[in-house]
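First to last, the sequence lines map onto chains A and B.
The first sequence lines up with residues 123 to 196 when you count with the numbering used here.
The second sequence lines up with residues 9 to 225 when you count with the numbering used here.
The set of hints was computed from the structure by calculation and includes no laboratory data.
Note that the structure is predicted; figures quoted are calculated from it, not measured.
One or more hints might be untrue.
[Stated by the list, open to error] Anything over 12 Å on all C-beta distances counts as not near chain B; from chain A, calculated: (1) M123; (2) E139; (3) T141; (4) D143; (5) D144; (6) P145; (7) A146; (8) A147; (9) V148; (10) E149; (11) A150; (12) Q153; (13) A154; (14) A157.
[Claimed, not checked] Some but not every residue of chain A turned toward chain B, in silico, with C-beta under 10 Å: (15) M129; (16) H131; (17) H134; (18) V137; (19) M166; (20) P171; (21) L191.
From the three backbone atoms N, C-alpha and C, an ideal C-beta is built for every residue, glycine too.
One letter stands for each residue in the lines below.
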Amino acid sequence: MSKLIRMDHTGHSTVAEWTADDPAAVEAAVQAFRAELSRGYLAMVTAGPGQAEQVRELPLNADLVILRLPIVGG
Amino acid sequence: MAAIGEVLPEAEALYWRPRVDAARLRHRGRLWTLNLAFHVVPFLAAAALLMWAQPLALPVALASLAHAWVIPELYAQRGANVLRPRPRKADGPEQRSVGLLGDLVDHEARELHARTGLVLEPGRLGAWIVGEAGAVLLPGRRGRAYCFCIKVDAAHPGAGELPSGDRIAHLLLALRSDEQGFATVANLSFAGARWRLRRRMRSEMRPALDAAPGRYA
Numbered sequence: 123m124s125k126l127i128r129m130d131h132t133g134h135s136t137v138a139e140w141t142a143d144d145p146a147a148v149e150a151a152v153q154a155f156r157a158e159l160s161r162g163y164l165a166m167v168t169a170g171p172g173q174a175e176q177v178r179e180l181p182l183n184a185d186l187v188i189l190r191l192p193i194v195g196g
Numbered sequence: 009m010a011a012i013g014e015v016l017p018e019a020e021a022l023y024w025r026p027r028v029d030a031a032r033l034r035h036r037g038r039l040w041t042l043n044l045a046f047h048v049v050p051f052l053a054a055a056a057l058l059m060w061a062q063p064l065a066l067p068v069a070l071a072s073l074a075h076a077w078v079i080p081e082l083y084a085q086r087g088a089n090v091l092r093p094r095p096r097k098a099d100g101p102e103q104r105s106v107g108l109l110g111d112l113v114d115h116e117a118r119e120l121h122a123r124t125g126l127v128l129e130p131g132r133l134g135a136w137i138v139g140e141a142g143a144v145l146l147p148g149r150r151g152r153a154y155c156f157c158i159k160v161d162a163a164h165p166g167a168g169e170l171p172s173g174d175r176i177a178h179l180l181l182a183l184r185s186d187e188q189g190f191a192t193v194a195n196l197s198f199a200g201a202r203w204r205l206r207r208r209m210r211s212e213m214r215p216a217l218d219a220a221p222g223r224y225a
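Looking at chain B on its own, in the form it has when it is part of the complex:
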């Protein structure tokens, strides 16, 4: 078989991006947390300072606390959005695409996809939850979730017309051929607590996140 090799061609095209591995992923996660702290801590400090200086400034202090609360929530929402389903096509193409996707995964993953619209795929970096326009990586049984925005290149004719199963199958095949390359091509939308992400996910999708700890390679 004339296999090209392990590197995803889309990743090769992004030669300036360092290839993602477990250490780089952890580093990006720590940077993300640090960045979040820089956004949140000033609001917490301002609220504390206001209350210490003038208790009558309680409303302003509460507003400041609200900012400190809402910023991580907005980031988590951004992360959850990578799994949001896209508008459905006609029934026929949808069913055909889901049938093909079903041929690519095992029974457990098929059943989960039927319930959640997401595919759970074990990888070397961790368990992946693959959606139609993104994927979430869970590197261990606990810890951060990494949300990646990645999709079929809309510059190609017909890309926008793909039914849901095909959109997932595109990502799944790329992920399976080069996991690190897949993570390199994808843009990181969120890296943070799973509980925060879970809260922002649609309720019907949460079982995919809950099932992930049992699906490591």
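Bound-form chain A, shown alone:
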């Protein structure tokens, strides 16, 4: 089961869960993913130890996709 989570005031919230062989869950996850990106979130997946990648389309084969907010210099 793959998960799309958003870091928020609760620690993190699960936005969507899907398996690649469940088209309805995939479609719901894709819609949820796009909605979060349109709210300004950035989607990240881990790409090996110590590495992460930003994605703009939901990677269906990823175990975990994390939504984060933009960062700025303080």
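Following the hints, position chain B against chain A.
Leaving out everything else, chain B in the frame of chain A:
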């Protein structure tokens, strides 16, 4: 996977800033030292001149020396402040956020975070100590420490409500996706001696600085 590429979008937005690399970092470090010297040397010179001209001016000379001492300390305090923890949220969100952060790092980093509240992350530019609202870069086993102020953009709703683990995870994920971009977006708060920074860090955080030499990529 539809990866966007290596450049952090936040860094792309700052098109006027030159992208930070090792050479540029060293250059900024040297400029920082030069700037500090311009602030400190006049006070040292004034103290020496006063004592040479009139030994009775000792109190004034001592005051001048105090200024020369306190200026680098204030800069170091500014650097140490980037790692200062922010006010905690409720226990539940804090624990959930730390749990997620723990999933992103290895056992050694988890253990260090539990002790210090900081995450040590090896990078190409050096070892990074990541806090809730900033990060310290240690490019080699010795030499300058670079303190960067960088945080979740408060302009976004909910940014101020993030628990500590999430604040660190935001910075960690950005750092891992584009280290140079991360250093480009961040604002440099201090570049100077590690011992000076260490002295200004909270005692419970110092083990992170001490552990850094063993964590280079």
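Quiz item: Against which earlier hints does the structure fall short, listed by number upward?
Solution: 18
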